[in-house]
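K.L.:
Input sequences plus hints: build the corresponding full structure.
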Amino acid sequence: MASPGTTSSEMFTPGVASILTPVQRVILSSIMICICIVGLLGNTIVISAVALSKKLRCVTNVFVVNLATADLMTCLNIPWMAVASLSEGGWTLPDWICTTCGFVLMVCIGSSIYTLACVATIRCVVITGLPGRCKTLYTPPKICAILVLIWTVPLAVATVPLVSNFGKLGYDVKYSSCTWDTSNPNSENFSKLISGVFYPLPFVIITYSYFKIYRHVRRHSRAVASILTVSSSVATQQTQDGHNATGENLAVIPNNNGRQGNSFREKLNKRQVDVTKNMFYIVCAFVLCISPYGFSLMYIDSDPFIPYAGMFLLCNSCINPFIYATKHPDFKKVIRLMLTCKFSKI
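The sequence shown runs 62 to 407 under our numbering.
Keep in mind that a hint or two might mislead.
With a Cα cut of at most 20 Å, we get these calculated EDC-like pairs of lysine to aspartate or glutamate [what the hints assert, rightly or not]: (1) K406 - D391; (2) K115 - D364; (3) K235 - D364.
Derived by calculation from the structure, the hints in this document are not laboratory data.
P.N.:
Here is the structure:
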């Protein structure tokens, strides 16, 4: 590794040049700055909301805060990526800054991805499991252990280049970024390691969990709707036979049952639609933001697409607050009070 005073511009590998044009550098840097601003604002609001509201301090939101923290740290390092992208002559600052940036980004993005998988698992247990099962499974010691694991996995992956020659973190001339040096002989294998650890398992967990939630809600909705239909039919038959109502009430009771049944069915349908929408947003955000980068690392011919896939990956750090916070009724209420400076009502 380079000494602290060494710059990457002094260490260029002969024959290696950036694949980005000056215009592309400016475009990518502008996108990164926008992601940084939105992400810093959104994730700070999420963390502050949980800190200010006792109602939001629950098991699931421990992971939401962890997610927001990882995304916040990612956004804090994005400006260095913008500087690297605009540095046509190479990285002119001390090399350790770029190396540290690449290390922190890898750890935080990896932690964010695994936190998404944990949130999906917890929601699946809460919705499809037995009442009270979540409290039994997710005790404080177990939550701490899960959080440690969430950070340990990406930390271990990011440490590999620092303790071996299996890849090298720092300024990459080819993509003008603070990630890892693609001119290193083991760069391709290191890319596959990152893609293999950070993508397939979380993707399977998230997809399976939300599919199971959807199937459970759909089955439950049909079962309750069926019970309502049978109950309504029995009540109607009884009133017609005169067992439970006088002639004056014959027209009233069936109509009320029908109205109540329809109203309840409408609520069930709305709930099912809302759950489906949330699942759609979550899975799509994961697929759209993380999949392009995961796949591009696995294919050698994807070089021109990798910088743009990286932008999608960084976008995940500013989209998460909107999906996991603004869609939540309690979060929305607290955030609205925060933005209107009504802190006494939180």
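K.L.:
It remains to establish, for every hint, whether it holds in the given structure.
P.N.:
Status of the hints after comparison with the structure:
1. K406 - D391: holds, 13 Å
2. K115 - D364: violated, 48 Å
3. K235 - D364: The given pair, whose Cα atoms are some 9 Å apart, holds under the 20 Å limit.
Against the hints set out earlier in the document, a violation occurs for number 2 only.
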